[in-house]
Amino acid sequence: AQSVTQPDIHITVSEGASLELRCNYSYGATPYLFWYVQSPGQGLQLLLKYFSGDTLVQGIKGFEAEFKRSQSSFNLRKPSVHWSDAAEYFCAVGITQGGSEKLVFGKGTKLTVNP
Amino acid sequence: ETGVTQTPRHLVMGMTNKKSLKCEQHLGHNAMYWYKQSAKKPLELMFVYNFKEQTENNSVPSRFSPECPNSSHLFLHLHTLQPEDSALYLCASSQDPWDRASDTQYFGPGTRLTVL
Numbered sequence: 683a684q685s686v687t688q689p690d691i692h693i694t695v696s697e698g699a700s701l702e703l704r705c706n707y708s709y710g711a712t713p714y715l716f717w718y719v720q721s722p723g724q725g726l727q728l729l730l731k732y733f734s735g736d737t738l739v740q741g742i743k744g745f746e747a748e749f750k751r752s753q754s755s756f757n758l759r760k761p762s763v764h765w766s767d768a769a770e771y772f773c774a775v776g777i778t779q780g781g782s783e784k785l786v787f788g789k790g791t792k793l794t795v796n797p
Numbered sequence: 002e003t004g005v006t007q008t009p010r011h012l013v014m015g016m017t018n019k020k021s022l023k024c025e026q027h028l029g030h031n032a033m034y035w036y037k038q039s040a041k042k043p044l045e046l047m048f049v050y051n052f053k054e055q056t057e058n059n060s061v062p063s064r065f066s067p068e069c070p071n072s073s074h075l076f077l078h079l080h081t082l083q084p085e086d087s088a089l090y091l092c093a094s095s096q097d098p099w100d101r102a103s104d105t106q107y108f109g110p111g112t113r114l115t116v117l
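Protein chains in written order, with the working numbering: chain A, 683 to 797; chain B, 2 to 117.
To be clear, the hints were calculated from the coordinates, so they are not data collected in a lab.
Take these hints with a grain of salt, some might be off.
Stated by the list, open to error - Residues from chain B that keep clear of chain A, each with C-beta distances beyond 12 Å, as calculated:
no., residue
1, 15
2, 17
3, 18
4, 21
5, 29
6, 67
7, 76
8, 89
9, 102
As the list claims (entries may be wrong) - So the derived list for chain B, only partly shown, Cβ under 10 Å to chain A, looks like this:
no., residue
10, 38
11, 42
12, 62
13, 64
14, 111
15, 115
Since the model is a prediction, treat every value here as computed from it, not as a measurement.
All C-beta atoms, glycine included, are put in the ideal place defined by N, C-alpha and C.
Let's have the full structure, built from the sequences with the hints guiding it.
Here it is, written out as structure tokens:
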């Protein structure tokens with residue numbers, strides 16, 4: 683079955699440090715890949731998405747992600763974290779299953795930023 | 002109002018109550034979704050509506066009853082819920098109902114539901 687794995691439930695980094703959030707997926711074809719962010723009390727907001735082409739994707743708020751087909755991964759990175767980046771981050775894949783299209787989400791990674 | 006709005010933001014109800022959640026999107030989108038977000042679990046897609054017609058029901062119990070009177074409004078009617086139904090219920094919308102795998106979904110802030 684199609685699945686998305688975010689191995690880290692909770693990550694803590696210091697402000698100004700670099701960040702990498704991991705995402706692995708299981709899907710037979712090349713999926714559409716997304717990263718969403720959810721701030722406390724808010725809905726999910728799209729950070730970036732990958733469909734095809736350049737495997738390094740730039741998003742909003744200084745985030746980027748790299749698609750690695752050989753590793754079935756789509757890791758999210760940011761060179762220097764800001765306190766406002768504290769939130770929960772969700773990786774998702776867009777798939778077609780049984781004639782129906784949908785997003786399959788990972789369980790999320792909660793990011794804490796220390797001053 | 003812009004984007005996707007949801008009301009109420011918080012709801013506490015007993016198991017015998019009947020209540021409704023409301024979602025409105027101001028983006029001119031043609032697909033709308035209900036998701037359930039529980040702690041330590043992935044988002045669960047509940048229902049999908051394309052052009053106000055229900056196209057997907059992911060084995061959701063009948064105590065959850067959706068309604069989509071037009072492309073901008075989506076309701077989730079609740080009755081005789083169970084405590085395990087306590088969760089954050091998120092509404093989302095997207096532009097192209099025929100390209101749901103690749104189209105960006107826009108989410109509302111959610112309704113935090115507590116069932117006593």
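Do the hints match the structure? See the list:
no. : hint : verdict
1   : 15   : holds, 25 Å
2   : 17   : holds, 29 Å
3   : 18   : holds, 24 Å
4   : 21   : holds, 19 Å
5   : 29   : holds, 17 Å
6   : 67   : holds, 16 Å
7   : 76   : holds, 17 Å
8   : 89   : violated, 9 Å
9   : 102  : violated, 3 Å
10  : 38   : holds, 9 Å
11  : 42   : holds, 6 Å
12  : 62   : violated, 19 Å
13  : 64   : violated, 23 Å
14  : 111  : holds, 6 Å
15  : 115  : violated, 15 Å
Consistency note: the structure conflicts with the earlier hints numbered 8, 9, 12, 13, 15.
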